[in-house]
Amino acid sequence: MAEPLRRAQAFRAYRAVLASRARSQASHRASFRMDLVGAMLVGLIEFTEIWVLYSATGEIGGFTFAQIMLVFGLSDLAFSLADLVAGHCDHLPVYVRAGTLDVFFLRPQPLLAQLMTSDLSLRRIGRCLVGATSLTVGLVLNDIDWSVGTVGLLVLALASGFVIFAAQFVTAAGLQFFLINGSEMTNAFVYGGRYAATQPAGVWPRALLVVFGGIFPVAFAAYLPVATLLGMPGPVGLPTWLGWFAPVAALWAVAVAGLCWRWGLRHYRGAGG
Amino acid sequence: MNIIETDGLTRVFTGRPDRKNRLRRSRHVAVDCLDLTVEAGEAVGYIGANGAGKSTTIKMLVGILVPTSGTVTTAGLHPLKQRRALARRIGVVFGQRSQLWWDLPVRESFSILSAIHSLSAADERTRTAELVDMLEMGEFLSTPVRQLSLGQRMRAEVAAALLHRPELLILDEPTIGLDVLSKQRLREFLVAQRREHGTTLLLTTHDMGDVERLCDRILVVDHGKLAFDGTLGGLARTVGARRELVVDLATPTSDLVDLDGAEHVRSESGGLRQRLAFDPQRTTAARVLAAVSERAEVLDLSITEPDIEDVVREIYRATRH
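Those protein sequences? They're chains A and B, same order as listed.
Per numbering that gives the first Met the number 0, the very first residue in the first sequence carries number 0; after that it's consecutive.
Per numbering that gives the first Met the number 0, the very first residue in the second sequence carries number 0; after that it's consecutive.
The following block holds chain A by itself, in its conformation from the complex (with noise of 0.2 angstroms):
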């Protein structure tokens, strides 16, 4: 088969389940509605939050609300896309208990890809609305230097962000064929990195930052680009420029994300004992 059309069949197939799965969740339209305007007010309750912190102290780590909601924005707005596309990741637990795992093996389709394309949570999409919202504002309150370097910098951030969260997803999964109720220990930084990404890594104690800014590097998601953007210096002793980083920082999240879920496949099947 030539390569062209090849690739059209393999995308033939995850377009077969994921528009069955969107067809699923589209026919309960109530049900849909509830969990898309679910979905928005947890997203929502998240910035208030943030909103209601710096309301009372003003600033934190040199960050106004104004410019800390570009954080927010750009860094919920890179996870809930993540979310979406690999946050399936989080249900293998569940398939391996249930030996859908096992069916997988017996399809055309790397694993991986059938994994992330198992399903698909449209509801998810609320959440990237709260944080593409906030985004925007930050970047109308925020007095920004508009130039070709500028949105370079901002998609480039985005991009990478959604690999980083993406690989979060990713590494998650590999572990959790080892430990298989140790999704607590792995939400740890999946969801707590992404609590992170939303602060001032400026404030952070030095350990958090080699655990967020180094080995689960959310840091570059949004919080660096954003300082590099305005400006700002970074976190004690770094450079401004950081922010540019971000997308040497997606590819460590995917290294490591692809060595955890190699390691974690083999496991499973036995090879690594």
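Hints may be right or wrong, so weigh each one.
Here are some, though not all, of the chain A residues that point toward chain B, as calculated from beta-carbon distances under 10 angstroms [claimed, not checked]:
id: 1; residue: R28
id: 2; residue: G57
id: 3; residue: D101
id: 4; residue: V102
id: 5; residue: Q108
Treat the hints as calculated values from the structure; they're not laboratory data.
Values in this document were obtained by computation on a predicted structure and should not be read as measured data.
Glycine included, every Cβ here is placed at the ideal spot set by N, Cα and C.
Given the coordinates of chain A, assemble chain B onto it according to the supplied hints.
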């Protein structure tokens, strides 16, 4: 051509390290140096007690599990390195895990699977129509899978595994929990499928009826080792697998001994119910019944299959000495 070939296939499961002695781990040899060849077109029954290593073998054949040692080739492919290519050439039904989408109509599951296996639209239509017709699925094609009866679901599972016309169909406990009629239908379909497409069958089962009606070769596995490899006739000769005809008679009758081809096992209720054993290789239930009818009026009857557990136990007993 051999569609399945294993050479010294072994799988050991290691448990957690011992608390006292960290170097000692519990070891369980699930499959032990298994040499197996199945030719294309054969129908093979793979039987054994629970935990004998059947499922582990199948998981290694299809590329889910990695062998601890030994080699395995399925449809000429390496199941681990060429899993995706292999997936296009085999169909697998795991009795306990579903290929179908729980909340979708059966029809939609088929169309998703057609996309997964890259069937053309025309191919999808003809193949689906053929399977729907042969497995009599028309009446529940629009029903969500979760609302199907077990028999209906199993038919849909088998159809799902055959949609892409695999050369090898592996069935793990396909008739478990099915009623007599559903079992019968499924078996007839599988026989026809094999006749028309030359599909190789490998099935594990606890049902002697499956083995008798579907398989021309039987493999018995015990503690991961092959304990028997031969025909049903050979198996029957080894363990004397006989069926029992149970007849309820109109009047108390003396023991029905010296019947042609059947042996009196025992009488109950003063001769109102009698049990007769016969070898299905040499006579039929109908002939035994005819012979009984000459001597007494039969009110009711039932046939009990030899329990596969008994057959397996006999084999184990015979081979362990």
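Tested hints:
1. R28: Violated, because the Cβ-Cβ distance from R28/A to chain B comes to roughly 16 angstroms (cut-off 10 angstroms).
2. G57: Nearest chain B Cβ about 51 angstroms off; hint violated.
3. D101: With a minimum Cβ separation of about 6 angstroms from chain B (threshold 10 angstroms), the hint on D101/A holds.
4. V102: With a minimum Cβ separation of about 6 angstroms from chain B (threshold 10 angstroms), the hint on V102/A holds.
5. Q108: holds, 7 angstroms
Violated hints for the displayed structure, listed by number in ascending order: 1, 2.
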